[in-house]
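Engineer: Chain residues, written in single-letter form:
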Amino acid sequence: MPEVNSLVNEFLIKLKKRKIEGSKATAKLTAEVLRSFISQKRLPHTNQADALIEAVKAVGEELIDANPVELAVGNIVRRVLHIIREEDLSLTTAAVGGLSLSAESDNEDDVDQDDHPVLSATAVAAAARSTLRPPSLQTLLEDMPHSTAVPQTSSSGGDSEGKSKSADKNLKTRKLKHNVIEAVNELIQDISTCHELIAEQAVEHIHQNEVILTLGSSRTVTEFLCAAKEKKRSFRVFVAEGAPRYQGHALAKELAARGLQTTIITDSAVFAMISRVNMVIVGAHAVMANGGVIAPVGMNMVALAAQRHAVPFVVLAGVHKLCPLYPHNPEVLLNELKSPSELLDFGEFSDCLDFGCRSGSPLLHVVNPAFDYVPPNLVSLFITDTGGHNPSYMYRLLADYYSADDLVVRRRSAS
Amino acid sequence: MWYRSASCILDKRRNDTVLIPETRPATSSASPMASENPHPQQKQNPDPHISLYYQTRAAHHAVVTSDWLAQAQAAVGRHRDDAVSDNSSAGGEESGNAFSVIDEFNNWRKQPDLAEAVAAIRALASVIRSSQATTMMELEIELKKASDSLKSWDATSISLTAGCDLFMRYVTRTSALEHEDFNSAKSRLLERAERFGEISYKARKIIAMLSQEFIFDGCTILVHGFSRVVLEVLRTAAQNRKLFRVLCTEGRPDRTGLRLSNELAKLDVPVKLLIDSAVAYSMDEVDMVFVGADGVVESGGIINMMGTYQIALVAKSMNKPVYVAAESYKFARLYPLDQKDMVPALHPIDFGVPIPSKVEVETSARDYTPPQYLTFLFTDLGVLSPSVVSDELIQLYL
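Protein chains in written order, with the numbering used here: chain R, 15 to 429; chain U, 22 to 419.
So that you can see chain R by itself, here it is in the shape it has in the complex:
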């Protein structure tokens, strides 16, 4: 599968060179690369799910390492792993539940291979389900399947079954792969439609004659505001320009073009203007497991201003931005330093910057961090494609989309 490898490598290089930016684009591309990787992957006859998971983990690790700051890559890799686990489970359950011939022979084959006792149908299903389900108090005392193992002889395999066995096996192989790819397609679909789903909720949150403040530019926020406008809400928008990239300018232009009353303010004027604002609506780079937000630089200041004046601080984020990790020292570890050229014109300052200094150490440093960390207590509400959520509810969403085994994508051997 050389063409897949080249596809992956090309994507890796793009990630490393930061050619792909924005969590949505990255998420979508990651899902697409993984989809073609899975469809080209040859699977062994037994334990396909495990093999597939291992393979995806291996690729996923490379992808994550290529741009560790772009958390969407890791999110999608984990989502795909979760999908594989789920599909495998539903196949197993269906097979065992139907008590079809193939299921029986499958089980028997497993016995031959790994010398495990054959488990009764319900036990297998329960065990598989419990691995997917996050641990809870409810299952603390519940059992592992050992106690319900039935003796091996229960499924009497004969020579006659040999042929049908392999045929069924092939079918199952293709079925798993097929299902996984279908689910990944759905995931890609979800990522591309998340804007619309979020924007649909706009009228519930934006009311007549309100003043909305936003910082920088986010596709989701633009759609959100426009959706409210289309529903005949009239409101005003303050746009903080979002130095040093000044994406706010582009946003203001677009909003004005759509007929919204827009005001541009500098980032430093946020505190001055916040008392007039009814709601702050911003986009995010990533949402962490504790409900903290990684967002474009300057956001923490806006959040603090909003808290000071008790203005609701609403974060719009597609589910692909939801990251199952806890932020440790996020200001440093989950940040990226961008080129100083965004801040300064090199020509003017060349005397005191690196190259102009004879003595070696430059007197003037430029630091241009890309992201801010907003702690969860400053966020009033998250609006995702599945609705509005409290920061403390994030853990529940995480449990829906990720399985606990995948949180650490790095393989044991590598670490």
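What the hints contain is simulated information worked out from the structure, not anything from laboratory work.
Hints are not guaranteed to be accurate.
Stated by the list, open to error - In the SDA-like style, the derived pairs of lysine to any residue whose C-alpha atoms are separated by at most 25 Å in a straight line are:
| hint | chain 1 | residue 1 | chain 2 | residue 2 |
| --- | --- | --- | --- | --- |
| 1 | U | Lys341 | U | Gln233 |
| 2 | U | Lys337 | R | Thr153 |
| 3 | U | Lys165 | R | Ser150 |
| 4 | U | Lys172 | R | Thr153 |
| 5 | U | Lys293 | U | Arg262 |
| 6 | U | Lys207 | U | Asn128 |
| 7 | U | Lys341 | R | Glu345 |
| 8 | R | Lys71 | U | Arg273 |
| 9 | R | Lys71 | R | Lys243 |
| 10 | R | Lys245 | R | Phe285 |
| 11 | R | Lys28 | R | Ala39 |
| 12 | R | Lys28 | R | Val381 |
| 13 | U | Lys337 | R | Pro389 |
| 14 | U | Lys223 | R | Thr153 |
| 15 | U | Lys341 | R | Ala324 |
| 16 | U | Lys337 | R | Met315 |
| 17 | R | Lys243 | R | Gly273 |
Please arrange chain U on chain R, whose structure you already have, making use of the hints.
Structural biologist: Just chain U now, with coordinates in the frame of chain R:
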């Protein structure tokens, strides 16, 4: 007796006034013997000035060696509170199961490595074992009686209550038990109960593992009181060659902090002892606060050794994270509304000098830390924010 909502307070007040003269007769008299006991089915605390929970803890602190377990088993009956065991063995013949379950619990509880909840569940398992019941319903009723008597015997131990509740819930609601015949269901219950010790041990390991990424090199950790889970966390961190420093509070009045600092010194972790009142003074050099918990309540707050609340307040005001390490079987269905809204766990304080009889002494041994002062709870269910606790409890008991 615990109450679960504001509306119960009135009931509770009423009950208290009725109950107190009954259940706590003549505290001034010498430790009440079984013969004097007006209610033989209601076992008496041999020393009403110290809550039972702390009596066993004190026993643990006296001898902390690895072969304690063996000793304890050999010494059962000749132990410090053999008055209790004598009482109960005498009483046990009279009124059966309720007595033996408390006995059983006490025996298990004496082992310092065993968590309270494990002891409770083992005690309940012994009820199942000795039970004459022939149907699930009978067994449930018997268990219910036993767990009620256990709970009322030591209302101060939260994890005892929580452990009983958890096991009862397992017995009554597990669908797996429905399909089996009575004997296999019974043996399954016994097996689960036996394995609970393992679960509890594993829980500590999981918690230690989860908390590792939160302990970074060069950090300073403030700990309060002695908690096996916190010790396990710190031990694992030391084994992972993390570089960190620990500030230990003294932990008056039972000096649990001294004990923890002892253990940490054995692990070659740099450790510094503080008096309990020096917490605010040293908070600025602290990176995180780590505490255990006697119980985690429905609001997501914790009930823990006296002083935890003020440490959490200081930490909050200085923006330091407060982490709680607690196994999930300590989640209890309580909702304390304020500090006094709990059965007080009493613990005598030795001031070193005689205290005039007119001076009142606050002997309550633990306080309630509301959830807004806690950052995360490390449990075997994962790293949880305080609000998740109620979610888990609702899922379990709804």
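Engineer: Each hint should be assessed against the structure and marked as holding or not.
Structural biologist: Cross-check of the supplied hints:
no., hint, in the structure
1, U:Lys341 with U:Gln233, "holds (17 Å)"
2, U:Lys337 with R:Thr153, "violated (34 Å)"
3, U:Lys165 with R:Ser150, "holds (23 Å)"
4, U:Lys172 with R:Thr153, "holds (23 Å)"
5, U:Lys293 with U:Arg262, "holds (19 Å)"
6, U:Lys207 with U:Asn128, "holds (23 Å)"
7, U:Lys341 with R:Glu345, "holds (16 Å)"
8, R:Lys71 with U:Arg273, "violated (51 Å)"
9, R:Lys71 with R:Lys243, "violated (44 Å)"
10, R:Lys245 with R:Phe285, "violated (30 Å)"
11, R:Lys28 with R:Ala39, "holds (12 Å)"
12, R:Lys28 with R:Val381, "holds (24 Å)"
13, U:Lys337 with R:Pro389, "holds (14 Å)"
14, U:Lys223 with R:Thr153, "holds (14 Å)"
15, U:Lys341 with R:Ala324, "holds (23 Å)"
16, U:Lys337 with R:Met315, "holds (20 Å)"
17, R:Lys243 with R:Gly273, "holds (8 Å)"
Hint violations for this structure: numbers 2, 8, 9, 10, all remaining hints satisfied.
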